[in-house]
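Asks: Chains as they are written, first to last, in the working numbering: chain A, 1 to 337; chain B, 338 to 673; chain C, 674 to 1176; chain D, 1177 to 1517.
No lab work stands behind these hints: they were computed from the structure. Don't be surprised by glycine CBs; every beta carbon is placed ideally from N, CA and C. Warning: the hint list may mix true and false statements.
Unchecked claim - Derived DSS-like pairs (lysine-lysine); straight-line CA-CA distance at most 25 Å: (1) C:K777 with A:K208; (2) A:K145 with D:K1371; (3) A:K181 with C:K777; (4) C:K1046 with C:K993; (5) C:K939 with A:K317; (6) C:K747 with A:K111.
Said to hold, decoys possible - Here chain D is said to cover these stretches of chain B; the calculated rule only asks that three of the stretch's residues, wherever they fall, bring their Cβ under 8 Å from a Cβ of chain D: (7) 435-443; (8) 495-508; (9) 566-579; (10) 594-601; (11) 618-631.
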Amino acid sequence: MRQENMRRLISVASLVILALVFGFTSNGFFTATNILSILRECGITGIIAIGVSFVIITAGIDLSTGAAVGFVSMLCANLLYNYALPAGLIMLISILAGTVCGVLNGFIVTKLRVPEFIATLSTQYLFRSMVFVFAIREMGVITNKKITDPGILIMGGSINGIYLVTITFLVLAVIGQIILKKTKLGTYIYATGANRKSADLSGINTDKVRWTVFIITGFLCGIASIFEIGRIGSATTDLGTGLEFEVIAAVVIGGCAFSGGRGDIFGTTVGAIFMAVLQNGILKYNLPTAAQLIIKGVVIVIMIIFDSVYNQYMQKKIHEKANEEANEGVQTAGGEA
Amino acid sequence: MNKKMDIKAILGKSQRLWILVAVMLVLTVLQPGVFLTAANMKSILLSISVYGIMVCGTIFPILLGGIDLSVGAVAAAAGAFAVTWIVDHDFTNGAVIVGVLGGLLLGAVVGLIHGIIVTRFAVPPFLITLATQNIVYGVAQLLTENNVIACMKPESFAFLGGGRLIGIPFSIWIMLFMAIISYIILGRTVFGRNVYAVGGNAEACRLSGVRSRMVIITSYVASGLTAALSGIVLASMNRQAIAKAAQGYDNYVLTALVVGGASLMGGEGSIQGAVWGAFLVGVISNGLRLVGVASDYHGIVKCIVIVAAVALDAHVRFKKSGLQKSSSLFKKKAKA
Amino acid sequence: MSALLEMKEIEKSFNGSPVLKKVNFSVEPGEVHALMGENGAGKSTLIKILTGIYPKDGGQIYWNGEPVTVDNRKDAQALGIGVIYQELSLIPTLTVMQNVMLGKEQSKFGFVNARKMKKKVTELIEKYGFNVKADEVVETLTIAQRQTVEILKALSEESRLIIMDEPTASLSAKESDALFGIIEQLRKDGVSVIYISHRLEEVYRLSDRLTVLRDGVREAVLTKEQIIPGDVVRLMIGKELSEATASNSLRKSDAPVRLKVNGLTKKGVFHDISFEIHEGEIVGFAGLVGAGRTEVMRCIYGADSYDSGTVEFEGETLAKQITKNIRTGFGFVPEDRRNQGFTPLLSIEKNVALTNYDTLAKSGFVKAAAEKKLGVEMVDKLAIKPGDSQIPVGNLSGGNQQKAVLAKWLSRDLKLLIVDEPTAGIDIGAKDEIYKILESLAENGTSVIMVSSDLQELLRVSQRIIVMRKGGIFTEFSSGRITQEDVLMAESGILTKEGKADE
Amino acid sequence: MKKKIVSLFLVGAMAATMLMGCGGVKTDSEAAAGDSGEETAEAAEGKNAYSDEIKIGFLPNVIGDSCAAAWAEGMEGYLSNFSNVTFNVFDGKASVDTENTIMEQMINEKYDAIILQATDAAGLAASTDKAEAAGIPVITCNLDADTTHTGLVAGVDVEAGQQIAEHIGETLGGTGKVVIISATPGATKGENIDKGFKAVMEEKYSGIEILDEQSGEWLTENANTVMNDFLTKYPEIDAVLCHNDAMAEGAAEAAKAAGREMQIWGVDGESKMLDYIEQGLCTGTVYTDCQRQGAACAQFAMYAVGSGITAKNLSATPIVKMAPIVVTQENLSEITEDMRW
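Model the full assembly from the supplied sequences, consistent with the hints where possible.
Replies: Written out as structure tokens, the structure is:
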């Protein structure tokens, strides 16, 4: 338990250090507006990252989230434009459509036994195409339309400067953390990821768990889509392109291991904020785009390496401790024999 | 019977590649006299040649259970280096040689860095190569100064991507040549044997005296090299260097590899499978265009074919092994 | 009185080859029923069908006389069947409590009641006096502690039938005794136990009845009175094996020294290890789990680094590099066969070739014909079953896997072979073959170091026995005949015989 | 389990609605207008173009292609005359998400003017509104934003499509077969070219058949692939319309390799395309002087900064149009060396 707290402390510390570096070397980083807009930027990534954390903790991966957001957003925009459905219904449809995306991913993974990476890579193609199926066309030509429904646009808004997406993200993160740590499902997610075979042996339906995490991810993609169209005030065909990689980067920087069984939503939240801070801070320097890219890459590489070195160090310590105890055990065993 | 076994062996023992045969059959019927012609096959091969070259090197990290997502960026940077060097040195043949070698070296260096980071720090290659992708694209931007650098001469450079040998585009020859080299390395050399072995169990290999680290580093270098080569071919084909060249090619490469039977867990896959995989993706895109399906909807068909191919393969394997209960879905079908 | 469990005419095939042929098997309430058989006889498969992991091809299972279907682990659990697996099946990142209660959490609306569960697990731990705490994370525990968590898991299910598959494989003597105590207690509580083990003396001591499987057929069912050790072994393997209880005559070798280890130390793991190995000698290393034997061997081989001390090989200081040591004539068969011994997806041929490319390749290119020839040769020589060098090693049974690992080294000009627990989890027939291989190697001048926890094996094969304890060398037996008891006592720190008696 | 999550979310949603009910929630541009209430008054007077510190940002759809480079060059050329102006170029990465993020940041950093090439007209409307509400004039370059803003220096896309259609129609004599290699589906510029092209074809040249349209995703190599497939499928093609020059070059290579001759048209007029036209590989393009277009944007921006004009003072977006110049081999010499980019 203490180790877990130590790890959290370190990840928060690295976030703070990064923020301090930006704060002292650039202008206008530590202003209320900027910090609020950083929290806004990480909102959509963060909401999806909660679901993807679940997936990665079960040792899976989801590459289709960006495309799913694109598809759901376009579907909503289409329905708003063509049928002028009420905002509440649109939100429901959005969440439902996202969930369906998740159901499909889960179906391909568990029922068709296609590995997660391949399954979600191909549904990424599928969802991208679905965007065009629902794209609004005029005389056969795609014409993206502005959304005028205030109920949707308000979702991109803020209360006293705090964006709704930020609030939702944080609320969902807390719920996610509770699911992971306090519920049966959470325990099963860890068990499935750390050792699927023995989770199966313990009577856990791991296929069901894996399916569930995909459904949760889809559900969250649906929620994220509402904020996406609320913010942009439209849905465009390229929406969400590359989002899946940002999400995965946030999740992994937040401490979830690809090998499964490790990480939590606290870490993911820090990871999502870290990525947003990095993106925001780099833009502050007015550097050429090349330098921005290079700095971003270098910082992430350093973070990953640091994380790995730290983990190895902790593993070694655990190992040493176990060794010592084993030797003590032998001692007592021998003494009494 | 015997012949059938041979075809199976060539296809890399993977059922999923039979999908290719089925797809080609359907297209031949749909587009008689158009699809199954030498000219069309040539244009399919040409369309996959650039990432086909990448596949020949990227398969190495994949076989090790790793991944290289930076191939697109490396291609852009290498192409940018070659072209800018040639442009800056008066388009001489000498400049072409230096430019191409320099580009390849750049790719190799990126691969080397990946290899060293992956072996030294035991970090997930997925994330590392995703991050270096930014850095390398940054380098490409530096080289091109965010502009299009046209390079219409000399002939020797244009030949790499645009020339023809016995009526077949030279980039196809390069792809085939690289595929054969990969095939020989994987199938006939100690290094190739070691790649499969390390991908299956790195620790066992270390204890058997295999220099696992060297194998891993060399594999990433190979991936960087072929990515650079394909970038140079692409630059030559387009007669220009741009910083955003080859974006998304990592996706094409992965698709080709997984459709071709490679397991992302490592230890499984073959170069012939990967080339067949790339070819299948090329055939689908070509076929959809010939049939006249708008490019908007290609993704739907691609998704179905990939899932069908991989699911069929998985199903056959599970059925054969008898170790796991077959998916309930197939069970129901069997009963019905 | 009807049987608690009855399995009738169970059938199962893998890849078309039958593994179980109409097997009958039954367990009475409150009995300890041993299930015996060589590796590949079908024991594990039978158990996996019983617990719903594999679907059966034919036959019927009866529970308390009622026909039942067991489709998954949950079904088995609902009936009251608990399992302790040979391979540890815990979730390393979860706590002891979470592991014990996995799949049977006490919860309300999906939320787990951690306090209640912890109380339950703690009570159980106290009842049996185990050395773990409920909220420790499993990955921080020792192997023996993890084993106790496994047992806790089965106990917590309040099962009426507990299956134990090689439960003592990695337990110390004291821990094993504790386990036998638990089994006695279970028997008294009316709980039945299916006990699977290769350690015959445990089986003879514990079991009320005994079923022998051979090649997927039930060979015999014996009651306690009918159990005669020689008979059981004969039934298992179909021939009689002499089971020596005392060692060969131990002796010091006069041959030149091949390996000289002096003051080898790795902080916190082992210290001041010094010994010599002569040409053509088989030296056994005895000791309890955690005594540091494996670690010493890995350091000598060059797989791990050490802090101080020297290792000399034929008078020259040894490199700390595996590749160089292999060229010098080293061979190494690791303890953890599955994770360190072989590459499961690759064929026998390619696994064997892995260490032999210095002769099987020319300037980096593999001589495919020679590679194939070696594979076939090794399969024939070691009788690896099934006799096809193209089969992936992962698909073989444990004994055949171990033979494939040994085969990696046998075509080389070996000067020193280190084998670590060479026969763990392997049936008697295969064990015997492996001993013969080691002996013939020694006859041809190869020095063999054998680390083993199997006392019978140590006594049978070794010419000298070095006993390690708590990271140091405790004593060495190098003359006369000794018994299992002598070694056992030494491992626990009591000297019954003068170690180096000839001095 | 799922029920639990849903219900928890619903509680959160209800809480949010209650907050909204209190009138606390503001959309983005409302908030921006509120924040900068005082500043707007100040900005209405404008800044001194020669002495005040002025920050101008340029956010193109994507950087790395020749158009963006030429625009940036043109802007820099003009703005470098003012020592008090700092000028920054960003990368929109052809993504609405990225452009919105960068827009927001420029607004936070109180840029004095933003020159924007909107990846999507509707997609950037909200951000543009927000900027304008915060008193920052937005000048769109080439691609419009679907809302009233300070100015648009319009590209020639619809017109380019029309002009090319006219040219093809005339030279083919009203009958023939045409294929289109289009932009990435959904890209505004491509859709606009298509609109112009198809409208003219339908109206005036009904004898010309549009055989097929496939996407080359802006890329030379993809256009080459698509063209190869067209050549395989259609034994007779008289003209090809490509949505940009890069794709026209790829199509030209494919046609050359197949030994077929036809008209190949691009749009943009980058210098490499002019070379292709000179060599007879391509037929023509619609040239825009992108450097001058960039300079015009910069001038527009400086005018807005100096005068303090924002969308508030306007009822519709003022538009500056660039002249579409159809370039073929005959008039190639009119595009002099210094006009090439």
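Asks: Give a verdict on every hint.
Replies: These are the hints, each one checked on the structure:
1. C:K777 with A:K208: With a Cα-Cα distance of about 16 Å, the restraint between C:K777 and A:K208 holds, given a limit of 25 Å.
2. A:K145 with D:K1371: holds (16 Å)
3. A:K181 with C:K777: Holds: A:K181 and C:K777 sit about 16 Å apart, inside 25 Å.
4. C:K1046 with C:K993: Roughly 32 Å separates the two Cα atoms, so the pair is violated.
5. C:K939 with A:K317: holds (15 Å)
6. C:K747 with A:K111: holds (20 Å)
7. 435-443: Since three or more residues must qualify, the claim that chain D covers the region 435-443 of chain B is violated, with 0 doing so at under 8 Å.
8. 495-508: holds (count 3)
9. 566-579: With 6 residues closer than 8 Å to chain D, the region 566-579 of chain B meets the three-residue bar; holds.
10. 594-601: Three-residue rule not met by the region 594-601 of chain B, so violated; n is 0.
11. 618-631: holds (count 6)
Comparing the model with each earlier hint shows violations of hints 4, 7, 10; every other hint is respected.
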